[in-house]
Every structure is written in C-alpha cells, then in structure tokens.
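Trainee: Okay, here's what each chain looks like letter by letter:
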Amino acid sequence: MMRCRITYRKTAPLRYTGNLDIQKIWERYLRRAGLPVAYSQGFHPQPRIQQACPLPLGFLSQAELADIYLDNDTLRPDDITRSLQAMPYPGIEIAAVEEIDLTEATLAGRVIATEYLAEWIDPLDADQLTSKASALLNAPQLLRSRRDRNYDLRPLIEALEVLPADSSHNAMLRMQLSARQSATGRPEEVVSALGYAPYDARFTRTRIMFTP
Amino acid sequence: MTFDHTMLQKQLERILPTVQKPGRYVGGELNQIVKDWDGVETHIALAFPDIYDLGLPNLGLAILYQTLNAREDVFAERVYSPWTDMELAMRKSSIPLYALESHRPIADFDILALTLPYETLYTNTLNLLDLAGIPLYAAHRSDQHPLVIAGGHACYNPEPMSAFIDAFAIGEGEEMIHDIVNAYQAWKRSGQPRATLLKALAHVSGLYVPALYEPDYHPDGTLRELRPLDPAAPRRITKRIVAKLPPPPTNFIVPSIDVVHNRVAVEIMRGCTRGCRFCHAGFINRPVRERPVEEILQAIQTALKQTGYEEVALLSLSSSDYTQIIDLVDQVSKHASENHLTISLPSLRIETFSIDLMDKLKSSRQGGFTLAPEAATDRMRATINKPIAAEQLLETARAIYSRGWSTIKLYFMIGHPSETLEDVRAIVDLCKAVIAEGRKIIGKRAVLHAGVSTFVPKPHTPFQWAPCDTQEQIQAKQQLLRSELRGPGLKMTWTSPKDTMLEAWLSRGDRRMAEVIYNAWQNGAKFDAWQDQYRYEIWQVAFEQAGIDPAFYTHRMRAEDEIFPWDHISPGVRKSFLLGEYRASQTQSFRSDCRESCFACGILPTFAELRRANPGKHWMCPEVPIRKKKAVLEPVAS
Ligand code: SF4
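Chains as they are written, first to last, in my numbering: chain A, 1 to 212; chain B, 213 to 850.
Calculated directly from the structure, the hints in this document are not laboratory data.
Quick caveat, the model's predicted, so the values are computed rather than measured.
Even for Gly, the Cβ is constructed at its ideal location relative to N, Cα and C.
Honestly, I wouldn't trust all of these hints.
With beta-carbon atoms standing in for the labels, derived distance ranges [stated by the list, open to error]: (1) B/Gln-745 to A/Gln-50: 34 to 44 Å; (2) B/Lys-222 to A/Pro-212: 50 to 60 Å; (3) A/Ser-40 to B/His-217: 42 to 52 Å; (4) B/Val-472 to A/Ser-40: 24 to 34 Å.
Interface residues of chain B toward chain A, partial, derived using beta-carbon atoms under 7 Å [said to hold, decoys possible]: (5) Lys-222; (6) Glu-225; (7) Gly-235; (8) Val-238; (9) Gly-240; (10) Leu-242; (11) Ser-468; (12) Ile-469; (13) Gly-520.
In silico lysine-lysine, DSBU-like type, Cα no more than 35 Å apart, as pairs [claimed, not checked]: (14) B/Lys-222 to A/Lys-132; (15) B/Lys-652 to B/Lys-621; (16) A/Lys-132 to B/Lys-304; (17) B/Lys-710 to B/Lys-652; (18) B/Lys-546 to B/Lys-574; (19) B/Lys-656 to B/Lys-644.
Produce the complete structure using the sequences and hints provided.
Mentor: Structure, rendered in structure tokens:
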C-alpha cells in the first residue's frame with residue numbers, strides 16, 4: 001500500500017459540489033484513471049481517501065489537499081499524475097502529487113489556518129474596502145451570531161489585505177482565518193462584518209496551513 | 213435577442229448560494245456534451261419536468277441525449293424543473309428557464325422534447341413552459357416558438373395534455389426522434405408556416421399531432437368520435453418500436469451531486485410476456501426483445517470506464533425471465549467482486565431461484581429483499597393474472613430470512629376489480645404468516661415491510677373498462693390494513709387516496725381535462741408527484757371551474773363498446789384482445805406466459821413486416837414466415 005498527497009484546484013464545474021460528493025467524485029476519478037484505491041477494513045469497506053479540510057459550498061479553491069491510499073507500492077508520483085491527467089475530471093485540476101509516509105498524521109488533524117480571496121462580482125470602491133478592513137482589524141471584538149450561536153469573529157481573523165482591481169479582476173480581499181477545532185473563521189462572515197452582502201463576492205481558497 | 217452569458221452567470225452567482233442543492237442548476241458534469249451553439253443546425257432541449265435529482269438518471273433521456281448528439285447537425289441539451297426555491301429566485305430576477313449545457317434560454321431552442329413517464333408531471337410541464345416563456349397552449353405558438361413534443365409512457369393517453377403539446381411521440385424513441393428532427397429541418401429550410409410543420413409531422417409514423425383532430429361527444433359525455441381534420445392525420449396512430457434493441461448508451465453523465473440513482477443502468481430486455489392484467493408497462497411495451505449477454509457485458513465494461521461508477525443496475529420489467537439470466541449473472545458477478553461493485557437486479561420472481569441470483573451477485577443484505585405478490589387470495593391472483601401459490605411465497609420468504617436478509621419488502625396493490633374486504637384481509641394474514649416464518653428463523657431481527665399501493669385502471673390494459681375504487685372504498689380497505697397489519701416486525705406504507713384520485717383523473721381523462729390541468733396550474737398546483745406539494749383542494753376547484761365531474765373519469769363502469777379517448781393510439785395490442793382478457797378476469801381464468809404459446813394479442817400482425825425482416829430468438833414472439841412468392845416458370849432460353 002502507498003499513500004499519496006494530491007494538491008488540486010477545485011474549479012467552476014464542481015463549485016456547487018459539497019464535501020461528501022467530492023469524496024465520491026475522487027473515488028470515481030481514481031477508478032476512471034485505473035488507480036487501485038485501497039479500501040478500509042470492516043463490514044462496509046470504504047475507499048481510503050482523506051480530504052484535508054472541508055470547503056464551503058459555492059467556493060472555488062486553488063489549494064485543496066487529499067491523501068489517497070493505493071493498493072500498490074511500485075507506482076511513482078509521476079505515474080499517478082500522468083494517469084490522473086489522462087482521464088481529466090471536470091472541476092479538478094491536479095497541481096502536485098507526492099508520496100507520503102504511511103505513518104504520518106492525517107492532514108485533517110493538523111489544520112490551523114486557511115487563506116481565502118473574496119473577489120467582488122461587480123466593481124467596488126477599493127479605498128472604501130481598505131478603510132473598512134482596517135477598521136475591522138482595529139476593533140477589539142466583533143460580536144456576531146451564526147446559526148443561533150453568538151461568537152466573537154475578531155480573534156479568528158489573522159490577517160486581511162485588500163488587492164486593488166486590475167484589468168483581469170475587480171478589487172479583492174485576502175484573508176487568513178483561524179481553522180482550529182471549534183475556532184474556525186468563515187470568510188462570508190468577514191465580508192458581511194465589513195458591511196457587504198456575502199453573495200456579492202466570489203470566494204476562493206488559496207491556502208491551507210498546517211502545524212509542522 | 214442576443215444572449216448575454218456573462219450577465220446570466222453573474223445573476224446565478226448571486227442566487228445559487230441561497231438555494232438548496234445549487235449543483236442542480238449548473239451543468240458541467242462529467243460526460244456532458246458541449247457543442248458550439250452557432251455550429252449546429254438544430255437545437256433540442258430534452259426536458260424532464262421534475263427536479264434534476266430524478267431526471268438525471270432517467271434512462272430514456274440518456275438514450276436520446278446520446279443518439280441526438282451523435283449527429284453533427286444537432287446539439288441536444290438538458291433541462292429539468294427548478295425546485296420551488298430556485299423557481300422563486302429565477303422569477304424574481306427574471307431569469308428564464310435555461311439549458312444546463314449552454315445556459316441558453318429554452319425559448320431559443322428549435323425543439324423542446326419532454327419526457328412524461330407519469331401523469332403527475334402534467335402541471336410541472338405547464339410550469340416549465342411558463343418559466344421558459346413559451347405559450348402554454350399549442351394553438352398560441354407561432355413560428356418563432358420551439359416545437360414542443362412529448363413522449364413516454366403517460367403519452368399512451370395523450371388527450372389530457374393534447375392542448376399543450378404540438379406532437380406526441382408514441383412508443384420507442386430511438387429511431388422516431390431522428391424522423392422528427394429530419395422533418396423539422398426540412399420544414400425550417402422551406403420557410404413555410406408552422407401549420408405545414410404540423411402536417412409534416414403527422415406523416416411521421418408514431419407521431420400524433422392533436423391539433424389535426426376534433427372530438428365529438430355523446431350527450432352522456434362519452435366520446436362519439438375523434439375526427440381527423442386533415443388528410444395528413446391518420447385515424448389511428450400506431451406506436452413505434454425498434455426491431456432490435458440498439459447497443460445501450462454507455463457514456464452516462466455523472467452528476468456532481470447525489471441524485472436518486474448514481475449508477476450505470478443497462479436495459480437487459482424490453483417488454484414482458486407475463487400478461488399481468490393490471491400492468492400498463494406489460495401491455496404497452498410488447499413485444500419482448502432481449503439484448504445478447506455479450507452486448508450487456510461490453511456495455512457495462514465501457515460504461516464503468518467512462519463513468520467511474522461503483523454501481524450497476526440491470527433493468528427490465530421481469531429480470532427472472534431474461535433467457536440467459538444465469539449466464540449473465542455469473543459473468544457480471546465475476547467482474548463485480550474484483551472491483552468493489554454493487555449490482556442491482558430488480559423485478560425478480562417469487563421463487564427461491566431469485567435468492568440464488570442475489571447470492572451470486574453478493575448482494576448487500578442491507579436494503580432487504582423485495583418481492584411483488586400484488587394480491588393475497590387465489591381469486592384475486594386469478595383476476596389479475598399473477599399466479600403465485602401462498603406456499604411458494606412462504607418458502608421463498610423462509611429462504612430469504614435464513615440466507616442473511618432480515619428485511620423482506622412485499623408489494624401489494626389494493627383496489628383490483630371485484631376486490632372485497634376479505635381479499636384485503638388476506639394481505640394481513642399473508643404478511644403475518646411471512647413474519648412468523650422470519651421470527652422462527654432469525655427471531656426479533658425479522659422485519660416485514662408491506663408496501664400497499666392503490667390500483668388505478670390504466671388505458672390499454674384489460675382493466676380499462678373497470679371503475680377505480682372510490683375514496684371511501686380505499687379508506688375502508690386502508691383502515692382495515694392499518695388496524696390489523698400490526699405487530700412486532702411489521703411495517704406498512706400506503707398511498708394517500710387523494711394521490712390515487714389525481715393519478716386516475718389524469719390517466720383516464722379526455723381532452724376536456726386540459727382545462728382542469730390548466731386551472732389547477734393557475735391555482736398553484738405543481739410538483740403533484742411530491743406528497744408534500746400536492747394539494748387536493750386545488751384540483752377540486754379546478755374541476756368546478758371547468759364544470760366537470762371528476763367521478764366521470766374515475767368511478768364509472770365503462771360499457772364494453774365505449775369509445776375511449778385513447779382508442780386512436782395503438783400500442784399494437786388489439787382492443788378485442790384486451791376485452792377478452794377483461795372477461796377472463798371476471799371468470800378468474802389464467803392466461804399463461806405468452807412465450808409458451810402466442811395468444812395473438814395483435815403485436816404480430818401490427819409489426820409483421822418488422823418481425824419478418826428480423827427473425828431470430830432475440831424477439832420473443834413467434835417468427836413470421838416469409839411469404840412465398842408463386843414461382844413463375846419461364847421457358848429457359850436455349
Ligand atoms: S404476439 Fe403473441 S407472443 Fe407476441 S406478445 Fe402478443 S401474445 Fe405474446
């Protein structure tokens with residue numbers, strides 16, 4: 001058995017596909033690519049595919065990670081990349097494949113922070129966005145409520161940065177948010193705390209950060 | 213009007229995060245086919261008027277999608293009904309109904325082809341037309357509007373929807389759809405008005421163009437005649453069939469979200485020879501045609517490669533009757549165990565051999581084992597022509613419980629013609645006998661789930677003359693079942709009598725039903741197939757507004773010589789044969805499987821030419837001999 005870490009981009013065709021369905025899609029992708037995924041033991045064997053960190057529905061991503069276990073020891077990362085690219089799956093773009101030690105801790109347990117880009121669907125005033133963002137960072141606390149639960153958003157925000165518009169995109173907000181157990185910041189919450197409608201922005205995850 | 217793709221994308225980006233399962237509305241799935249819009253002559257929107265989750269796995273649409281897109285001059289796309297939340301959002305933002313591949317508005321297409329497998333999709337069909345901005349009534353459409361056609365099992369009685377559909381395709385679509393496209397293209401190139409197109413379509417075998425006919429009624433409301441108004445309109449429209457099942461589709465679209473069936477589906481045979489008298493599918497899908505084992509295996513292999521699916525369903529009306537079933541199951545199961553595949557094989561007969569088949573397929577014991585006895589007394593079984601000895605059912609049940617299944621699902625129907633409360637009580641006794649066997653074998657783990665639906669006499673079946681039970685009758689029968697079918701391990705589900713009424717009006721109605729359907733839609737009816745959406749009162753009002761008594765369609769015993777609203781549609785089976793079967797049901801006479809001996813139901817004379825040209829065992833009716841030409845003896849020139 002071998003374990004491979006796949007870094008991939010989740011693009012438009014799978015934007016509205018949730019995490020459970022992405023799991024299925026990986027299973028089908030591997031079958032199509034002829035890669036022999038390993039199954040868990042037990043009464044209902046499941047293919048061993050582990051996502052690092054769930055991505056909210058409607059988000060795109062430039063940096064998704066999944067560990068897959070294959071019933072094979074001889075394949076090299078290059079072979080795997082080639083097999084996957086030979087049978088492309090709409091909505092998944094392979095960025096990197098590396099072999100990982102079987103004993104290494106799972107990715108999901110080591111996530112500490114995630115980075116997102118919010119790009120506004122229609123043009124907006126970048127200066128205004130910048131001043132709102134610095135006001136937000138200066139606030140001692142940001143009390144909000146989500147699904148009937150009150151919480152403070154401020155400590156979950158690790159960094160904010162405004163990227164002005166250029167010829168290819170409208171103004172964007174880069175944000176680094178905490179993603180620890182029970183301390184996970186949601187980018188839509190940041191956007192609405194800034195006073196914008198969350199659905200006016202398009203979200204892309206750009207990085208997942210782990211404990212070493 | 214030019215199509216602004218970016219504008220629509222932006223609108224959708226704002227709306228989609230606010231609706232349930234937005235993945236239903238974006239397309240872009242694996243194996244979707246996309247073509248350059250301007251590079252093809254004819255654009256066809258294939259529509260299933262219910263949500264994506266139900267429509268995507270529809271095998272009929274998958275077949276049409278493949279065969280149409282195989283043509284270079286055609287681009288066929290998909291469209292489904294948006295769920296209520298998405299519909300609201302679309303109407304609020306004035307987004308017209310669009311196709312999933314190109315995101316173009318449906319109104320821009322040449323042909324809108326609807327599949328109508330069941331009648332409860334009728335109000336959704338009107339809603340779909342409305343969302344697309346296409347006039348609901350066929351008569352109100354002009355040359356600019358798409359041609360609206362419909363096919364599917366419900367279309368064997370097209371009359372209730374005849375005001376809304378330009379042409380109905382009766383029977384199997386694989387070949388007919390190309391004739392339709394060709395006729396359409398010829399018309400479009402000719403620049404003639406829409407009326408010319410309708411006449412041209414009436415010449416296509418299997419197509420029914422309702423605008424070319426006019427009904428005439430007796431004073432008592434029954435039909436006197438459906439009069440053709442044009443020489444192009446045939447008096448009788450005979451369904452189309454394919455002589456030999458073409459290779460099955462393999463390049464299935466794989467949804468990016470969970471839908472009702474996520475699997476490769478292969479139709480192993482079409483039709484059924486059992487002749488159960490209640491069964492609509494059994495009469496309209498004759499004759500039986502099988503696919504060769506080799507072709508099925510090949511299709512499975514290819515489809516699995518193309519889709520990556522983990523499940524395969526082998527479909528037919530009666531799997532146990534497939535001639536090479538053992539061979540097929542052996543070969544498929546070999547492949548399955550090597551590849552972590554799940555194989556499903558529905559519609560098995562009530563015999564222990566069925567368990568052997570499931571065993572070979574290493575079928576999961578989780579979902580339970582399903583059997584459909586349909587009735588519980590010998591008298592009822594003879595009436596409906598589904599002979600199963602109670603002892604054989606018990607023996608099968610014993611074997612199921614002792615071979616690893618803890619749940620058995622039994623499907624019954626109440627409301628068969630001449631059924632009494634005694635016949636219904638027998639369902640209770642039978643279920644109790646089955647669960648008692650289960651408890652003897654596996655104790656408290658044994659579960660028996662009785663699914664009791666209510667029979668609606670369907671057009672083109674021997675029971676088309678029979679009335680449907682009234683709501684009171686159905687309630688009394690269900691009451692009896694609910695109070696007596698209880699006890700440890702017993703579960704029961706049933707159909708609401710109101711749902712049954714709707715099914716009965718819509719399937720047995722005539723042209724006057726169109727007004728009722730329209731009223732109901734205007735009053736807010738849609739998603740009638742969904743229990744939580746269907747509202748009986750709306751339909752009551754709709755009937756009142758139209759001045760029609762619904763009981764006329766449902767509870768009237770029809771005279772043997774009555775002309776039915778669907779008599780001009782021929783499934784190839786003769787009305788006289790059906791009447792014979794109806795009479796046989798009243799004397800409880802069995803009719804055996806027609807594979808054993810042909811009962812001359814009418815299929816062979818109807819399709820004699822086709823059968824003669826396609827001899828062989830794949831088609832289960834007897835062969836039709838080649839007519840011998842009289843040899844003319846001519847003097848040999850010397
Ligand atoms: S023609 Fe004969 S064999 Fe064929 S379906 Fe009819 S009864 Fe059966």
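Trainee: Checking against the hints above, which ones are violated?
Mentor: Those not satisfied are hints 2 and 17.
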